[in-house]
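Residue numbers (this note's numbering), protein chains in the order written: chain A, 2 to 719; chain B, 2 to 128.
Derived from the structure by calculation, the hints contain no laboratory data. Treat the hints with care, since some could be wrong.
[As the list claims (entries may be wrong)] A short, non-exhaustive set of chain A residues, derived as facing chain B with CB atoms under 10 Å:
#1 Ile68
#2 Gln71
#3 Ser72
#4 Ser73
#5 Thr197
#6 Arg201
#7 Leu228
#8 Ala236
#9 Thr237
#10 Ile244
#11 Val253
#12 Arg320
#13 Trp663
#14 Lys664
[To be verified] If you want the ones that stay clear, here's a sample from chain A, every Cβ over 10 Å from chain B, calculated:
#15 Thr112
#16 Arg241
#17 Glu251
#18 Glu420
#19 Leu681
#20 Leu683
#21 Tyr698
Idealized CB from N, CA, C, for every residue including glycine.
Here's the letter readout for the chains.
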Amino acid sequence: MSTLPVVFSLSAPRTRKMDLPSNKWIVHLLVCCFVVGVNCNSVDKKIYVKLNYTVSCVRLLNATHQIGCQSSLSGNVGVLHVLESEDNLDWVLSSGPNPPYMVILESPLFTRSVMMKLKSGSSRVAGVAVVAPNTNPAGAFSPHTTCPNENSGVYSETYDPAMANCNKTVWNPLGNGLSYEEFDFPIFSLKDDNDTQVIRQCYLDHNRAVNGSRPRYPLCAMQLYSLMFAVTDTATCMRRNDINLSINPEMVCDPLGDYNVWASTRPLNNTAKGHKMWESAVVAAARLDSRSFFFDIAPGAQSGVSGFVALLAAAHALRDVVQEAPPNRTILYTFFQGETFDYIGSSRMVYDMENNQFAVDLDNIHSVLEVGQVGLRNDSKLWLHTDPVSRRNDSVNKEVEDLIANLRLAATNLSVTPEVPTASQPLPPSSFQRFLRARPIPGVVLEDHQSAFTSRFYESMYDNAEYLNVSYPPNLTPEEQLRFVTESAKALTEVATLVARALYRQAGGAETQLVNINADSQTVTQMLYGFLVRTNNSWFQQLIPSDFMSHLTNRPPNLYVGAVQQSSEPTVLVQFLMANLTGSTVNVTQENCQNQREDENDKESRHMYIYMWVQGAVPPNSTQRQGFCVRSTARLSKAVSPAFDLREFTSKDYSTWTESRWKPISGRIFLVASHELEMLTLGVGVGVLLTSLLLTYVISAKADILFSSGREPTNATY
Amino acid sequence: MFLFFFWFCTETCSDSLPQQDPLRFVMNLERLPNEEKLCLCRKYYLAGFALLPFLWLVNVVWFFREAFVKPAYTEQSQIKTYVKRSGMGLLFWVAVLTTWITIFQHFRAEWGAMGDYLSFTIPLGIP
Chain A
2 MSTLPVVFSL SAPRTRKMDL PSNKWIVHLL VCCFVVGVNC NSVDKKIYVK
52 LNYTVSCVRL LNATHQIGCQ SSLSGNVGVL HVLESEDNLD WVLSSGPNPP
102 YMVILESPLF TRSVMMKLKS GSSRVAGVAV VAPNTNPAGA FSPHTTCPNE
152 NSGVYSETYD PAMANCNKTV WNPLGNGLSY EEFDFPIFSL KDDNDTQVIR
202 QCYLDHNRAV NGSRPRYPLC AMQLYSLMFA VTDTATCMRR NDINLSINPE
252 MVCDPLGDYN VWASTRPLNN TAKGHKMWES AVVAAARLDS RSFFFDIAPG
302 AQSGVSGFVA LLAAAHALRD VVQEAPPNRT ILYTFFQGET FDYIGSSRMV
352 YDMENNQFAV DLDNIHSVLE VGQVGLRNDS KLWLHTDPVS RRNDSVNKEV
402 EDLIANLRLA ATNLSVTPEV PTASQPLPPS SFQRFLRARP IPGVVLEDHQ
452 SAFTSRFYES MYDNAEYLNV SYPPNLTPEE QLRFVTESAK ALTEVATLVA
502 RALYRQAGGA ETQLVNINAD SQTVTQMLYG FLVRTNNSWF QQLIPSDFMS
552 HLTNRPPNLY VGAVQQSSEP TVLVQFLMAN LTGSTVNVTQ ENCQNQREDE
602 NDKESRHMYI YMWVQGAVPP NSTQRQGFCV RSTARLSKAV SPAFDLREFT
652 SKDYSTWTES RWKPISGRIF LVASHELEML TLGVGVGVLL TSLLLTYVIS
702 AKADILFSSG REPTNATY
Chain B
2 MFLFFFWFCT ETCSDSLPQQ DPLRFVMNLE RLPNEEKLCL CRKYYLAGFA
52 LLPFLWLVNV VWFFREAFVK PAYTEQSQIK TYVKRSGMGL LFWVAVLTTW
102 ITIFQHFRAE WGAMGDYLSF TIPLGIP
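Assemble the whole structure, with the sequences as input and the hints as a guide.
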């Protein structure tokens, strides 16, 4: 062997030249193969089909409970089973031979009884995937509780025991409380499209039991991964947020919260917090948020959008009148975020007012008019709900009667008829209840239901444009749809006009001016289009600054309040809308506008106003947008529960809702083999390993015998 | 305590070996004279009292053959006592640690705040 290199070096140079061309040929061949023939074939893609659209339910925690879903650390794997009926649950829960099962539910089967049975049999249930239909179901589905926010409103044992815990009126009788249950398996939502058809086909091909016989391996399985970090309750997860000794500290949960939007008809000095002398304000309140069972879908049409769009339109209707004939009192428009979760926004604003952290004080508030769910008036009636307990006081009662009279006066010549429900009926869940907890302020809540909610889909994913009858004739372009005035827009405009006129009267304005106050149905329909169909439309694009353009999408906004760090979509949109609808255009340069001043020397305006540079419309003859500066009083105020500032995580007075953090949520389907085949493969592998080890040992022990041939002759020649 | 450790580290077992020898620490006990074996065994035994049970484990494993299998020589009885005592200390530590680890793993979730303060890494998603 060692003689070979010697032979080579002694040979003629000719042979050496021959080596180089052959080396080059080899290299060329390899490069060609690499470029032409390489075909990346990932084994992963051959096995798994990833789910494209994953919307899951997440874990939320409060002072005492955890709600929502959880998956295991490596994702839950289960054999697919498409549930045919409620009786078919027996296969999943007891008789099926291959537990655990991943249950696919069509939407009619997504009911409380099915889910509770699955929850009780959760050792055999790996997860649930709900197929969301393309149109709303015919029945009712409200995953919220029957008595929303029952422990954080004003009706408690101390205030009035007869009205506490919805003893008098059950506000959401169709509620099944699923959103507030705890599941220890993941629950995902699938769209009813081709991907879901693939899943159903996979089930039909592999998993279907034919005539009672056992389905044979390989079976179609799905893995859902939605690991939630936080457990037990808010106090535990906030403690674990703080402790974190390890090398990369991980936050485990975040408080829910965002910002409230507020504005006033007369500019208030926002830097001087606390009581303002001689200031008497009428608060016009509405709610901005909603939720559903699943994390990212909360269209909230009836429960949120109808209310705040009506109030925005009312504010727009009042813009001119309050400049020309200003009323005695200021009107304070407030849009509260986080009301679904124990009144986060309104409790924070009341707390700030009590602690002199807000521009006005509770003493400055004269009365409250709240616009609740007003989108589904099936007849012309609008119901004025009041609080019977505070009305036992005569002075408060008189003020409330005045407010009701103003509302009736405002409704003359309109197609809306204000009606007063039974005098002893308590207030529905509303932000006004938090004001009443602080002190007895006169107020009215406008709703379209006399006692229980008329909404069949309260706080669910079906509370969308279709439910509010916001429908457009076919074959309209998006631009035409934006401009088209729907029937529901017209109805909402009437409500907005009523609210505007009533607010003006309540603020002390003259009755003669009332005919001039009219809400604009074009504005209302454009707002409804923006908040229920898509936010990326030409009208919204004109009203926002240019750096917000990327946040506009081609679908309706998600009204879920979300964690503090995550800004909720409607909040900023409502602020910009409020600024444009109630503010005025001022002739200020862009630089001054963005620095909150009218000119270089102006130091005072920033306390009273807020300036925004919006990008404006595209003029017909050019492509460049013409921006302008809008001066308004529309501001954001923090909407995080006071429990987190006070660090009272077990507080009973304030909302303690937090949202868990999670790793990226995903799902995939694949075929699984039987357990026996897996064990056989493992056994064969281990056997091959041991055999090879043995063989190597034997060969190396006998190496001198096996490899000794051929040595002696070479030595002998030398 | 500090003075003890100071004395401990400065004293070496291998005074007789030439200074140029790079391999001060040998794993093979065959080549060491018996006095040095005894010295090493005692060092490991004493050092194990500084809450270092692994040193006792090493002592037991390393010197087991010396103490019990080899034919008798003068220092062997002392080595035998050190090995026995190291073994007892090791068993004590094993018992204590096993008990504590079992209790902690079982009850950490129930201890709430105390359990979290005692943990270095808190598992995600489970109580």
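Taking the hints in turn, this is what the structure says about them:
1. At a threshold of 10 Å, the smallest CB-CB gap from Ile68 of chain A to chain B is about 15 Å, leaving the interface hint violated.
2. About 6 Å separates the beta-carbon of Gln71 of chain A from the nearest beta-carbon of chain B, less than 10 Å, and the hint is met.
3. Hint status for Ser72 of chain A relative to chain B: holds, with the closest Cβ pair at about 8 Å, below 10 Å.
4. Look at Ser73 of chain A: its Cβ gets to within about 8 Å of chain B, closer than 10 Å, so that hint holds up.
5. A least Cβ separation of about 28 Å between Thr197 of chain A and chain B goes past the 10 Å threshold, and the interface hint is therefore violated.
6. At a threshold of 10 Å, the smallest CB-CB gap from Arg201 of chain A to chain B is about 31 Å, leaving the interface hint violated.
7. Because the beta carbon of Leu228 of chain A sits about 5 Å from the nearest beta carbon in chain B, less than 10 Å, this interface hint is met.
8. For Ala236 of chain A, the shortest C-beta to C-beta distance to chain B is roughly 9 Å, which falls under 10 Å, so the interface hint holds.
9. For Thr237 of chain A, the shortest C-beta to C-beta distance to chain B is roughly 7 Å, which falls under 10 Å, so the interface hint holds.
10. Annotation: interface hint on Ile244 of chain A holds; nearest CB of chain B at approximately 6 Å, less than 10 Å.
11. Of the supplied interface hints, the one on Val253 of chain A holds, with its beta-carbon coming within about 7 Å of a beta-carbon of chain B, less than 10 Å.
12. For Arg320 of chain A, the interface hint is violated, the least distance from its beta-carbon to any beta-carbon of chain B being 51 Å, above 10 Å.
13. Taking 10 Å as the C-beta contact cut-off toward chain B, the hint placing Trp663 of chain A at the interface holds, the least distance being around 9 Å.
14. Among the interface hints, the one on Lys664 of chain A holds; its C-beta lies about 9 Å from the nearest C-beta in chain B, closer than the 10 Å criterion.
15. For Thr112 of chain A, the non-interface assignment is confirmed: its Cβ lies about 28 Å from the closest Cβ of chain B, beyond the 10 Å cut-off.
16. Annotated as non-interface, Arg241 of chain A brings its C-beta within 10 Å of a C-beta of chain B; the closest such distance is 6 Å.
17. A beta-carbon of chain B is positioned within 10 Å of the beta-carbon of Glu251 of chain A; the least distance is around 7 Å.
18. At the 10 Å boundary, the C-beta of Glu420 of chain A stays outside the reach of chain B, the nearest C-beta of that chain being 51 Å off.
19. For Leu681 of chain A, the shortest C-beta to C-beta distance to chain B comes to about 33 Å, beyond the 10 Å cut-off, and the non-interface label holds.
20. At the 10 Å boundary, the C-beta of Leu683 of chain A stays outside the reach of chain B, the nearest C-beta of that chain being 28 Å off.
21. The Cβ of Tyr698 of chain A sits about 24 Å from the closest Cβ of chain B, beyond the 10 Å cut-off, so the non-interface label holds.
In this structure, the earlier hints numbered 1, 5, 6, 12, 16, 17 are contradicted, and the remaining ones agree with it.
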